[in-house]
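Reminder that position 97 of the sequence shown reads as 97 in this note's numbering, one-by-one numbering, no gaps.
FYI, nobody ran anything at the bench for these hints, they're computed from the structure.
One thing to keep in mind: the hints can contain errors.
What the hints assert, rightly or not - Think about it this way: if two alpha-carbon atoms lie no more than 30 Å apart in a straight line, the pair counts; the simulated DSSO-like pairs of lysine-lysine are: (1) Lys108 x Lys66; (2) Lys41 x Lys66; (3) Lys141 x Lys41; (4) Lys205 x Lys108; (5) Lys141 x Lys108; (6) Lys41 x Lys29.
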Amino acid sequence: MTLKRIENEVRLDAFRRIDQLIAQLDGRKQLLVSELSNTSKQLAEFFSTGVYVLYGRRSFQDFWLKAIRAHPGANLLATSLPSTNFFWNADDIHEAMRINVLAGGDVKRLFFLNQDEPTEHDLGVMQSQADLGVRVFHCNKNHLSTEVREIALVDSERRFGWRVEVSTDDVQRAEVFTDRDDLDSQYRRLEGLFARTEIVRPLAKKIAAAT
1 MTLKRIENEV RLDAFRRIDQ LIAQLDGRKQ LLVSELSNTS KQLAEFFSTG VYVLYGRRSF
61 QDFWLKAIRA HPGANLLATS LPSTNFFWNA DDIHEAMRIN VLAGGDVKRL FFLNQDEPTE
121 HDLGVMQSQA DLGVRVFHCN KNHLSTEVRE IALVDSERRF GWRVEVSTDD VQRAEVFTDR
181 DDLDSQYRRL EGLFARTEIV RPLAKKIAAA T
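All chains, please: the whole structure from these sequences, using the hints.
This is the structure:
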């Protein structure tokens with residue numbers, strides 16, 4: 001048995017003991033049994049897989065800001081949706097991205113559209129990103145398989161990255177990757193997607209230059 005396998009077994013045993021203690025709670029503490037159980041399961045999964053799950057818009061926004069601010073000038077590949085409801089449509093998110101670009105970061109964001117040509121609404125959303133210095137691209141998502149349409153972001157140096165699930169055009173659940181292999185796999189997947197120039201097009205320069 002490898003050292004890593006032994007460490008994982010010790011951690012899992014510790015979480016089993018924690019679950020036993022949680023199950024024994026009574027009185028006022030019993031109200032927190034389900035919440036504590038979920039937290040224990042989440043931590044056990046993190047130590048086993050290196051993936052941590054964030055739920056809801058605000059928790060993901062807070063982590064997004066922490067990651068970007070910790071690595072000024074980060075080069076990023078990202079995919080997104082052209083929605084004003086999306087999590088990054090916030091002043092603090094915009095400012096953090098602007099500062100990241102000013103610090104030398106090269107940020108490429110691909111928007112998944114519902115059609116080949118962007119609508120006026122799509123152009124407005126994409127323009128807001130171009131104004132921050134982001135290199136904006138778009139493609140018709142219907143030309144892609146479902147698994148390729150994932151909303152994700154990865155740092156080129158594989159220091160941070162995530163994949164998100166959306167509902168009503170906003171984040172419901174985000175998987176934050178900490179394992180180098182997972183980050184590398186995600187980055188290479190995004191690189192391959194951006195390379196599909198037969199369907200992926202840059203935001204027209206005349207649009208990006210408009211005031």
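Cross-check of the supplied hints:
no., hint, verdict
1, Lys108 x Lys66, "holds (19 Å)"
2, Lys41 x Lys66, "holds (24 Å)"
3, Lys141 x Lys41, "violated (34 Å)"
4, Lys205 x Lys108, "holds (15 Å)"
5, Lys141 x Lys108, "holds (17 Å)"
6, Lys41 x Lys29, "holds (18 Å)"
The structure is inconsistent with hint 3 alone, although it conforms to all the rest.
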